[in-house]
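2 protein chains.
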Amino acid sequence: MPVNLPPTDPASILPVAGVRLGIAGAGIRKAGRKDLLLISLDEGTRVAGVFTRNRFCAAPVTLARSHIASTPARAMVVNSGCANAGTGEDGLLRARQVCEQTGRLLNCVTEAVVPFSTGVIMEDLPVDKINAALPACVQTLSANAWFDAAEAIMTTDTVPKAASRTLDVGGRRVTVTGIAKGSGMIRPDMATMLSFVATDAAVAGDALQTMIEYATRRSFNRITVDGDTSTNDSLMLIATGAAQTPEVSDADSGNYIALRDAVTDVCVQLAQMVVRDGEGATKFITVQVEGGRDEEECSIVAYAVAHSPLVKTAFYASDPNLGRILAAIGYAGIADLDVSTVDVYLDDVLVATGGGRAQGYSEDDAQAVMDQTDITVRIRLNRGSATVTVWTCDLSHEYVTINAEYRS
Amino acid sequence: MPVNLPPTDPASILPVAGVRLGIAGAGIRKAGRKDLLLISLDEGTRVAGVFTRNRFCAAPVTLARSHIASTPARAMVVNSGCANAGTGEDGLLRARQVCEQTGRLLNCVTEAVVPFSTGVIMEDLPVDKINAALPACVQTLSANAWFDAAEAIMTTDTVPKAASRTLDVGGRRVTVTGIAKGSGMIRPDMATMLSFVATDAAVAGDALQTMIEYATRRSFNRITVDGDTSTNDSLMLIATGAAQTPEVSDADSGNYIALRDAVTDVCVQLAQMVVRDGEGATKFITVQVEGGRDEEECSIVAYAVAHSPLVKTAFYASDPNLGRILAAIGYAGIADLDVSTVDVYLDDVLVATGGGRAQGYSEDDAQAVMDQTDITVRIRLNRGSATVTVWTCDLSHEYVTINAEYRS
Numbered sequence: 001m002p003v004n005l006p007p008t009d010p011a012s013i014l015p016v017a018g019v020r021l022g023i024a025g026a027g028i029r030k031a032g033r034k035d036l037l038l039i040s041l042d043e044g045t046r047v048a049g050v051f052t053r054n055r056f057c058a059a060p061v062t063l064a065r066s067h068i069a070s071t072p073a074r075a076m077v078v079n080s081g082c083a084n085a086g087t088g089e090d091g092l093l094r095a096r097q098v099c100e101q102t103g104r105l106l107n108c109v110t111e112a113v114v115p116f117s118t119g120v121i122m123e124d125l126p127v128d129k130i131n132a133a134l135p136a137c138v139q140t141l142s143a144n145a146w147f148d149a150a151e152a153i154m155t156t157d158t159v160p161k162a163a164s165r166t167l168d169v170g171g172r173r174v175t176v177t178g179i180a181k182g183s184g185m186i187r188p189d190m191a192t193m194l195s196f197v198a199t200d201a202a203v204a205g206d207a208l209q210t211m212i213e214y215a216t217r218r219s220f221n222r223i224t225v226d227g228d229t230s231t232n233d234s235l236m237l238i239a240t241g242a243a244q245t246p247e248v249s250d251a252d253s254g255n256y257i258a259l260r261d262a263v264t265d266v267c268v269q270l271a272q273m274v275v276r277d278g279e280g281a282t283k284f285i286t287v288q289v290e291g292g293r294d295e296e297e298c299s300i301v302a303y304a305v306a307h308s309p310l311v312k313t314a315f316y317a318s319d320p321n322l323g324r325i326l327a328a329i330g331y332a333g334i335a336d337l338d339v340s341t342v343d344v345y346l347d348d349v350l351v352a353t354g355g356g357r358a359q360g361y362s363e364d365d366a367q368a369v370m371d372q373t374d375i376t377v378r379i380r381l382n383r384g385s386a387t388v389t390v391w392t393c394d395l396s397h398e399y400v401t402i403n404a405e406y407r408s
Numbered sequence: 409m410p411v412n413l414p415p416t417d418p419a420s421i422l423p424v425a426g427v428r429l430g431i432a433g434a435g436i437r438k439a440g441r442k443d444l445l446l447i448s449l450d451e452g453t454r455v456a457g458v459f460t461r462n463r464f465c466a467a468p469v470t471l472a473r474s475h476i477a478s479t480p481a482r483a484m485v486v487n488s489g490c491a492n493a494g495t496g497e498d499g500l501l502r503a504r505q506v507c508e509q510t511g512r513l514l515n516c517v518t519e520a521v522v523p524f525s526t527g528v529i530m531e532d533l534p535v536d537k538i539n540a541a542l543p544a545c546v547q548t549l550s551a552n553a554w555f556d557a558a559e560a561i562m563t564t565d566t567v568p569k570a571a572s573r574t575l576d577v578g579g580r581r582v583t584v585t586g587i588a589k590g591s592g593m594i595r596p597d598m599a600t601m602l603s604f605v606a607t608d609a610a611v612a613g614d615a616l617q618t619m620i621e622y623a624t625r626r627s628f629n630r631i632t633v634d635g636d637t638s639t640n641d642s643l644m645l646i647a648t649g650a651a652q653t654p655e656v657s658d659a660d661s662g663n664y665i666a667l668r669d670a671v672t673d674v675c676v677q678l679a680q681m682v683v684r685d686g687e688g689a690t691k692f693i694t695v696q697v698e699g700g701r702d703e704e705e706c707s708i709v710a711y712a713v714a715h716s717p718l719v720k721t722a723f724y725a726s727d728p729n730l731g732r733i734l735a736a737i738g739y740a741g742i743a744d745l746d747v748s749t750v751d752v753y754l755d756d757v758l759v760a761t762g763g764g765r766a767q768g769y770s771e772d773d774a775q776a777v778m779d780q781t782d783i784t785v786r787i788r789l790n791r792g793s794a795t796v797t798v799w800t801c802d803l804s805h806e807y808v809t810i811n812a813e814y815r816s
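Top to bottom, those sequences are chains L and D. Count the first sequence with the numbering used here and you get residues 1 to 408, in order. Count the second sequence with the numbering used here and you get residues 409 to 816, in order.
It is worth saying that the hints were derived from the structure and are not from the lab. No false leads were mixed into what you were given.
Have a look at the derived ranges for each label pair, beta carbon to beta carbon:
1. D:532 / L:252: 54 to 62 Å
2. D:612 / L:405: 51 to 59 Å
3. D:791 / L:168: 49 to 57 Å
Yeah, the Cβ is synthetic: ideal placement off N, Cα and C, and Gly gets one too.
Could you put the whole structure together from the sequences, leaning on the hints where they help?
Here it is, written out as structure tokens:
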């Protein structure tokens, strides 16, 4: 059960002109489950992407990087159930075989197909099953299948994650729609597990890359469930140009900024959905670090708090055992941190200041905040003007259950 | 229940001439529990220490540092139940009041008393209760109370932790005895939660400090339960000289090396006991990283594996879902790691090589290792000659239960 996340109305997820989606069940891990997604892109579409920095990155990540660098993309093929990571040379071969078959079916070159996988690491990609199911994906291609697509890429996710926005670009109505999957092994580094965001605006290639990096820094790279950076993290931004807008290129232009903010907004919504549906999550926690000398030091403090198993289990128990937050701030790694200048708030309750518990702090007030499902930890370092916000969840019995039983 | 740790026979824990220990119940957190320890040191004793680098370090840590720097130590006073951390100026005042009272009772200056605390963070130290119980500690001072002392400093520990060694130094029989406490908030940084190691050898001050730093690097600084570095970590090495040995001073001398190795051995035993008694632990895991360019890169890989909640829950489930280990190696932070040169073994089973699963790998073999309670993960980076070993435990439902309920 995701935390404070009302079900998405499938009708609210808008089609993007120039993008069609087809779904099939390939029986990769479980029979009868829709686990294969084909995204078909009209000619003239531009794509940009960010990928995991995990050195054991998956074979499809390596291939996707190389394909989008060499050839305009015409299709993306995504499977759940098998990550095709930790599979060496053989994994690359298998990912390529899926691209070849997709190219044959859609009448485009292999390099115009961008592959993605998610699921168990160090298992062989079942190419035969996938290639046998691809024709069914082609037959079901439809512009209205975004919500079903979000469902097809789920692994331990409990809900499909999708979001849409519309805006005006150069006098034309433009749509931004995105989907994401991810629930565990979430501490994205350059991107999340898997996410696809598309717009029908026309955007120059450089501007598209700048835009997705901007959005990533403010969304997927600001979340963590368990601190484990996946081998398969990939986020793609697709611009079909089908809305016939003027080409968005100048990073300072009004059109660029409007579209960038809409893309960022969709990414933040998706990223927060990933945390709200974090494995075993019962609380959604915003860690906001202010007054750092730079973003780097705000970030290490925010992640120290967001990753501490002791802080996370205290939230799970709704126990205002808030000294654990002080301990995490203290070991985060700011060598010259003067703790006597640090203020710690739980929502609006001042917990600690001057190196210790605040005068007038009442545990009843803190308890009232801890009993909520959405909580903000605000840490003021008071030594500069940088700010970073990170979103995370608690650590529950259910997290252990899910991850002790994932393969069985 | 600690992992594979037979109960320590109290008779095996040897007294150290020049050290006496007294224990009392001060009712700090729970009535009727022995929670106060006084260690009395004969005149001429030298002490050295290492302390947490947590910036929110506890008041007693600040005071202990300052006292041992200024004055030969004559006593140590240790309470469990309250960490006196995150308590600001008032915390320093309270720790000092306990030292004052101890000094009055033992007829020494305040600065000759070294204070230590462990327990809940950001709560006031109950000075009145402690000072009222100190006379009972003095009355019970005895050379044979090391095992009882180990019990008095426990918090979430399920067993007392103590170890002894004897050796010959300059023709005299010498004893090294140590105790430690710690079970959660364990990722020592310069020292563990609390540990006291004493010898009756005579050791020069500089040599004593070198020796404890050497031992710490190979023991307490190589363990982690949950990655949370405590605010109160302190490790003290005490040398009374009561065995009338020649003074051990030269770091290259045979006597120095023999004593250093005995101290290290006691520290390694205590550190491993801390992990075996890690909160909720059901497995004891050795992560051995070999063939790194330097210890630093071995260490970041070892800790990435040892801290990964996904790796830890897989061990808990005895599930050879070993791709999670590859993912942790990949995101550890070696930017130029060539994963095709990395070998991963589970005990003697070669799991991964050449960037993927090893030829001839059999999950049955891996399952047989996973079913054990003591497991070694061996990672060969094959890019240098440095080696680091880290000891950790799994992440179980019981860990969540303990830490969700610690204060209640």
